Amino acid sequence: MAFDTLSARLKLVAERSLNHCKARFGGNGVKIEEGISDAIMWRPSYYLKAGKYKIVAVEVEDNLYPESLKGAAHEISHFDSAVSVFQACTLEAYQNDPKHTKVNLLKSHGFGIITVDDDGVVAIQHTCVPLAQHISPDVLERDIRDLSKPLKVAFRAAHEVYHANEGQGLQEAGQIIEAMISSIASQAEKRNVISNATLGKALASQIDDLYAADTFKNHRAALGGARDFIKEFRNTASHPPKNAKQAAEKIRKCRKGFLDAISIATKLKGVASALGYQIKVHVT
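Numbering-wise (this note's numbering), the sequence shown opens with residue -7 and increments by one.
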């Protein structure tokens, strides 16, 4: 019988949470107490397919953030399928976590949390994305710390979109970079650093004209990075995957692209500050 290695109480958690996950994510490919792959040592309590290319795996355990999850995170993040991971526990264990210390660690590290009360009522306390996609709010805030307030607001909004849809989130981050370049180019034109004709060109050509201007000769690395990013992120964000491996690779590229966008934005802000430019962004 399924889940017979668990206590009666945790068996209820496993059975009720599994039914909830099947209703929420779909009941395809359900595996109980089996490994996801030889490449992942962790054997979840159960897992199932969520859509065409994603897997939802669940560890049933009242000990919050067990060692099994800590060890699995790295392997899952580099696996050839996108895997979202939840811990399912009793509502009592969730509520008794002092100051939600372990709960907050689970959330910060990209895990979701499902609870089941004594009556068998299931609640997803915290949802999650595939581990390969996860960018925690702490990492976001650390990386945007040197940006202006409007840029921070823009990246926080893009981050919310990213956690719902990695491709769209990357596109929004890319639009911030585009807006910054356009703002720099507009001010450069007003100072006669580039011609008015530049503003009517494609963004890559605007960057090329800025790159060629003597005023920007000490800032060509930042401009070159922005140009490479603009070319790359459009392909990454819009390219539809054809299989699970491609879907996982796209997620990893979108994550890298989102973080790269913040890095490039920080460098462009440095360029603007060095030249006395005031970057203004209007991203919808």
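Careful, some of the hints might be misleading.
Below, computed lysine-lysine pairings styled on DSSO-like, alpha-carbon distance capped at 30 Å [what the hints assert, rightly or not]:
| id | residue 1 | residue 2 |
| --- | --- | --- |
| 1 | 141 | 14 |
| 2 | 193 | 237 |
| 3 | 99 | 23 |
| 4 | 193 | 44 |
| 5 | 94 | 14 |
| 6 | 62 | 44 |
| 7 | 44 | 23 |
| 8 | 44 | 91 |
| 9 | 3 | 141 |
Keep in mind the hints are simulated off the structure, nothing from the lab.
No experiment lies behind these values; they were computed from the predicted model shown.
Broken hints, numbered, in rising order?
1, 2, 4, 8, 9
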